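Asks: Protein chains in written order, with numbering that gives the first Met the number 0: chain A, 0 to 118; chain B, 0 to 280.
Careful: at least some of the hints might be erroneous.
Derived pair list, reagent style SDA-like, types lysine to any residue, alpha-carbon separation capped at 25 Å [to be verified]: (1) 41(A) <-> 146(B); (2) 246(B) <-> 82(A); (3) 143(B) <-> 82(A); (4) 198(B) <-> 20(A); (5) 143(B) <-> 41(A); (6) 143(B) <-> 104(A); (7) 194(B) <-> 223(B); (8) 194(B) <-> 20(A); (9) 32(A) <-> 50(A); (10) 246(B) <-> 256(B); (11) 41(A) <-> 256(B); (12) 143(B) <-> 97(A); (13) 143(B) <-> 32(A); (14) 41(A) <-> 222(B).
Think of the hints as simulated: they come from the structure by calculation, not from any bench. Source: prediction; values computed, not measured.
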Amino acid sequence: MRNIMGSLLRVGVLAAAFLVVLGGVLFFLQHPKEVFDYTTFKGEPAKFRQVHLIVKEAMNLRGRDIIQLGLLVLIATPVARVIFSLIGFLIEKDWIYVSITAIVLMILFVSLLSNYLTF
Amino acid sequence: MVTFIAILFAGALFAGFIGSLTGLGGGVIIVPLLTIGFGVDIRYAIGTSLISVIATSSGAASAYVKEGILNIRIGMFLEIATTLGAIAGAAIAFFAPTHAIAVIFGFVLLYSALSSFIKRRANAESEILPEKKPGRMIGLLMAKGTYPTANGLKSYTLQHLGGGFIVMSVAGILSGLLGIGSGALKVIAMDSIMKIPFKVSTSTSNFMIGVTAAASAGIYLNRGYIDPVLSMPVMVGVLIGSLVGAKFLLRSRTKSIRLVFAIVITLLAFEMIYNGLAKNI
């Protein structure tokens, strides 16, 4: 289980880095002259914010959309690690830690999907 | 834009390098670099920094998991505190004025620079931990473990679970509010308060940073604080910089380099506090 978890983290980070670099290269080819201003905060459009839109937009193979998918993969990597821990504790029938891990997982999902939840 | 990205990439490489050399992590350097160096709005800077924190901690943790010194159970239990704290911190960040965040950031930076200098007493190996009767909660959580030393496996039992949990919540809040890993505070919670051996504390802390940062990064992403063009050079740069820094750390004596960087970080801290108070940020 420890080996799986170690490789999972490494694969997640490498996959994210690959997507981010690929998206970066495509972005430069598609928009060599575009200039952005970050001195005032405007907030990103919905397609860079909502999980299902990020996945959907990336299929169009546009540079920034692929970078954003890579960032989503990166954020999902620790979440996947927690899911694997949950499976590990389930196999060991360690119910106290199954509950603890489930709580952490729930907190992570609430955060990642907070756009879909109305408070 | 290409020039801007290239300079940003070089800055991120440097931040990752210093971050892993001083043990402070890339986040504490990325935010001042973006805000003071490039005039980027601090909200974008914090979102971008969180991304680099997840990248470096997941990269480093994959090595620690194999060594087997980290305590996955205790890490998971304390992640309840850090993730809840991280969400609270991210929520505070939406309501707090940006110049107030800059001032808080400056003070945390100042503290990190100083604490990276105060020499830790080398008690990790020789210390004999007082054997106290563990409480019910500690027994229930199986809050103990073993770790390898030169003299074979050594066992330890946790203490002060409640105190550790509270400090971990604060570490989570700072992480979510400022976009940093707050690894130093996590180590203090485990090592000084819960009496977990130092080596176990540092590797478990690194393991927890990614999950903590993911909890606030999810909210930052949903709120539109994470920009692809800004994050791209920073994530890749910090990742490469921190890997090079880790290699460098093994090969050379780094005391004088650390001194120089601590001074640089102290200056950055004053710059952040000044700009925050002057409401430039």
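Asks: Does each hint hold? Answer for all of them.
Replies: Here is what the structure says about each hint:
1. A C-alpha spacing of about 49 Å is found between residue 41(A) and residue 146(B), which places the hinted pair above 25 Å, so the restraint is violated.
2. Taking the CA atoms of residue 246(B) and residue 82(A), the gap is near 31 Å; set against the 25 Å cutoff, the hint is violated.
3. Taking the CA atoms of residue 143(B) and residue 82(A), the gap is near 23 Å; set against the 25 Å cutoff, the hint holds.
4. At roughly 34 Å between alpha-carbon atoms, residue 198(B) and residue 20(A) are farther apart than 25 Å, so this suggested pair is violated.
5. For the given pair, residue 143(B) sits about 48 Å from residue 41(A) by alpha-carbon distance, which is inconsistent with the 25 Å threshold.
6. For the hint pairing residue 143(B) with residue 104(A), the CA-to-CA distance comes to about 23 Å; that is within 25 Å, so the pair holds.
7. Of the pairs offered as hints, the one joining residue 194(B) and residue 223(B) is violated, with about 40 Å between alpha carbons and a cut-off of 25 Å exceeded.
8. Distance hint between residue 194(B) and residue 20(A) is unfulfilled; the C-alpha atoms sit about 42 Å from each other, more than 25 Å.
9. With a C-alpha separation of about 29 Å, the suggested pairing of residue 32(A) with residue 50(A) is violated against the 25 Å cut-off.
10. With a C-alpha separation of about 15 Å, the suggested pair residue 246(B) and residue 256(B) falls inside the 25 Å cut-off, and the hint holds.
11. This hinted pair does not check out: residue 41(A) and residue 256(B) have alpha carbons roughly 39 Å apart, beyond 25 Å.
12. The hinted pair formed by residue 143(B) and residue 97(A) meets the criterion: a straight-line CA distance of about 18 Å does not exceed 25 Å.
13. Restraint check for residue 143(B) and residue 32(A): the C-alpha separation of about 58 Å exceeds 25 Å, so the hint is violated.
14. Of the supplied pair hints, the one linking residue 41(A) and residue 222(B) holds, its CA atoms being roughly 11 Å apart against a limit of 25 Å.
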